[in-house]
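Make the full structure from the sequences, and use the hints.
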Amino acid sequence: MHAVRNISLCTKDCLCLYVCPTGATDTETGQIDASKCLDGCRICVDACPSHAISLVPEEFPAQQEKTEAVRKSLLSLAESKIKQEKMAAAIEMKSDNPGLRQLAKAISISNRLMAEDLIRESGYMLPQSQNVQDFLQSLLDTDQPEGFPKEAAERLLEILKKDKNKEDKKMDENKTLDNLMEAFAGESQANRKYLAYSKKAEKDGKLNAAKLFKAASDAETIHALKHFEVAGKVSSTADNLKDGIAGETHEYQDMYPDFVKTAEAEGNKAALTSFTYAMRAEEVHAKLYRDALENIDQTEEVFYYLCPVCGNIEKVRPDKCSICGVPGDRFIQY
Amino acid sequence: MAKYTCSICGYVYDEVAGDPDRGIAPGTKWEDVPEDWTCPLCGAVKADFVEEKRNKEPVKKDVNVVENEADSMREMSFGEVSALCSNLSKGCTKQYRSEEGELFSQLAEFYKTISSNAGEGGLKDISLLVEQDLASGYPAANPIAADVSDRGALRALVWGEKVTRILNSILSRYDKQQDSLLEGTHIYVCDICGFIYIGDELPDICPVCKVPNKKIIEVMRG
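If you read the protein sequences in the order shown, they are chains A and B. The first sequence begins at 1 in UniProt numbering and counts up one residue at a time. The second sequence begins at 1 in UniProt numbering and counts up one residue at a time.
Fair warning: there could be bad hints in the mix.
[What the hints assert, rightly or not] Calculated cross-link-like contacts (lysine-lysine; reagent style DSBU-like; alpha-carbon spacing at most 35 Å): (1) K124/B to K162/A; (2) K112/B to K12/A; (3) K36/A to K94/B; (4) K175/A to K94/B; (5) K36/A to K90/B; (6) K162/A to K94/B; (7) K112/B to K162/A.
[To be verified] Some chain B residues close to chain A (C-beta under 7 Å, calculated; not the full set): (8) E80; (9) L88; (10) D133; (11) L182; (12) G184.
[What the hints assert, rightly or not] Output of the computed footprint for chain A on chain B, the stretches with three or more beta carbons under 8 Å from beta carbons of chain A: (13) 29-37; (14) 120-127; (15) 149-162.
Don't read these hints as lab results, they were simulated from the structure. C-beta atoms are modelled at their ideal positions from N, C-alpha and C, and glycine is treated no differently.
Here is the structure:
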């Protein structure tokens, strides 16, 4: 999706020149250089005080399906408008009366516009739609009157089809994006699962199995991190902190309260404790992320202390954990 | 004291208020408003007004659909193909696709040229088609589009029907007044919906499609 400038709205405030990260807005053509414009960036769109810049979507929403009855009734009216357009055009050409010619011209233009509107609404809204491609193909497949600009129709079909292929490719890319995120979720779970298995094996004295689980767990981390990165989900640290705040806030405000209620209702005490610890710790995490975002440029070193039982994090080693009560000396320093 | 609404643009004539700008004193009864008075917004004639308390729905007429035409899967005429292509050209321009816009324009011109010699008839013949559109074309199409909740089709029908009604009233005014209707004044056409305005001062927005009047273009005498 690249940006375009509606030059009739542009009041030459030129903010777009200063905000564009690539210089795509700085041209002598009046238009934005699509080859430099970053897909979906929209910084210039939001900066323009005249609302003269917008993004041209590569994919438009699907048009409403037209029933045959609607199509017929609209085209039947369009046929009448075209007849009127032609009659009026003939009057405009033949009459000696300048006033009548002027009126006939207006009637001809008006009918043309109504016909265009009716035909457009009968299923030909978007030039790149399949309907339009089928229409162009039908012109090429049937005999046309002499002088038919065949190359124009062929070229149009070529361009519009290429567009369609791009769309299909884009769909594949979207599917791949979904797959990357699904793989990220799977690998992340496997990583934690193998870590749990490794701890169990260590406790049981099965040290080789413990070692293998630990190595496999680390391997899944490598996979997960790579999938996540390829999916383009790692942004600037400021944005990542914002994402962290959003994620933790969702968990402590929406997700865990529901889980806690259900665990209580079902009398599952272990789950209740696990959810409660996590819920309270996530609230702390959200707050810490917020602090970090506010002080993102601070260079003085900060230490964090992690409670190994409930996941609480403190900035000063406490006497005991404020969530689960574990003694402060068991906290791990980061 | 009653109110009368313009069926084209929605302007309300209030007998209490009159239309002092055009010499109709407050308190003037609708039947005392001169027959040549027209809607100050869109130029519609008195006959296009309906009393407000009356049901807004037009009286249902028997719909005469020309059966064989509606039933057969009809190919588009050259004129319609031309209108399709000129509209697609506008669609391309909106998407800043200049090459495609140019190509559709070329096709539109070709089909316009080969279809233009087929136009025969006078204003009377145009009037007959206008009346037919209003009597059967729109009344037939509206319920079909409403039935399948086709918002786009309904929108085009609403605008088109209003513009057609205006055209109908212009044709009947011209029939009565002939060239005096057009003398010393201007004719404009809305570039978006086709609304025709005859008068000296354009309304701020198109009374049919509500576009600001910079999109309403004057048709010069030539």
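(request) Closer than 7 Å between Cβ atoms is the bar; does L182/B clear it against chain A? Give me holds or violated. (result) With a closest approach of 4 Å, the L182/B hint holds.
(message) K175/A and K94/B were given as a pair; does the straight-line alpha-carbon distance stay at or below 35 Å?
(response) 30 Å, holds
(request) So, L88/B near chain A? Judge it on the closest CB pair being under 7 Å. (result) 5 Å, holds
(request) Three residues minimum, CB to CB under 8 Å: does the stretch 29-37 of chain B make the cut for coverage by chain A? Let me know. (result) violated (count 0)
(message) Hint check: K112/B vs K162/A, CA-CA at most 35 Å. Holds or violated?
(response) 28 Å, holds
(message) Please check whether E80/B passes as an interface residue: C-beta within 7 Å of a C-beta belonging to chain A.
(response) Holds, about 5 Å.
(message) Next item in the hint list is D133/B. Is there a CB on chain A closer than 7 Å to its CB?
(response) 5 Å, holds
(request) Measure nothing beyond the straight line between the CA atoms of K162/A and K94/B; if it is 35 Å or shorter, mark the hint as holding. (result) Holds, at about 19 Å.
(message) Does K94/B sit within 35 Å of K36/A, going by the straight-line distance between their CA atoms?
(response) It holds: about 21 Å lies between the C-alpha atoms, which stays within 35 Å.
(request) Assess, step by step, whether the Cα of K36/A is no farther than 35 Å from the Cα of K90/B, and give holds or violated. (result) At roughly 26 Å apart (the allowed maximum being 35 Å), K90/B and K36/A satisfy the hint.
(message) Between the alpha carbons of K112/B and K12/A, is the straight-line distance 35 Å or under?
(response) With a Cα-Cα distance of about 39 Å, the restraint between K112/B and K12/A is violated, given a limit of 35 Å.
(request) Quick one: see if chain A covers the stretch 149-162 of chain B, three-plus residues with Cβ-Cβ under 8 Å. (result) holds (count 9)
Of the numbered hints given earlier, the model fails hints 1, 2, 12 and 13; all others are met.
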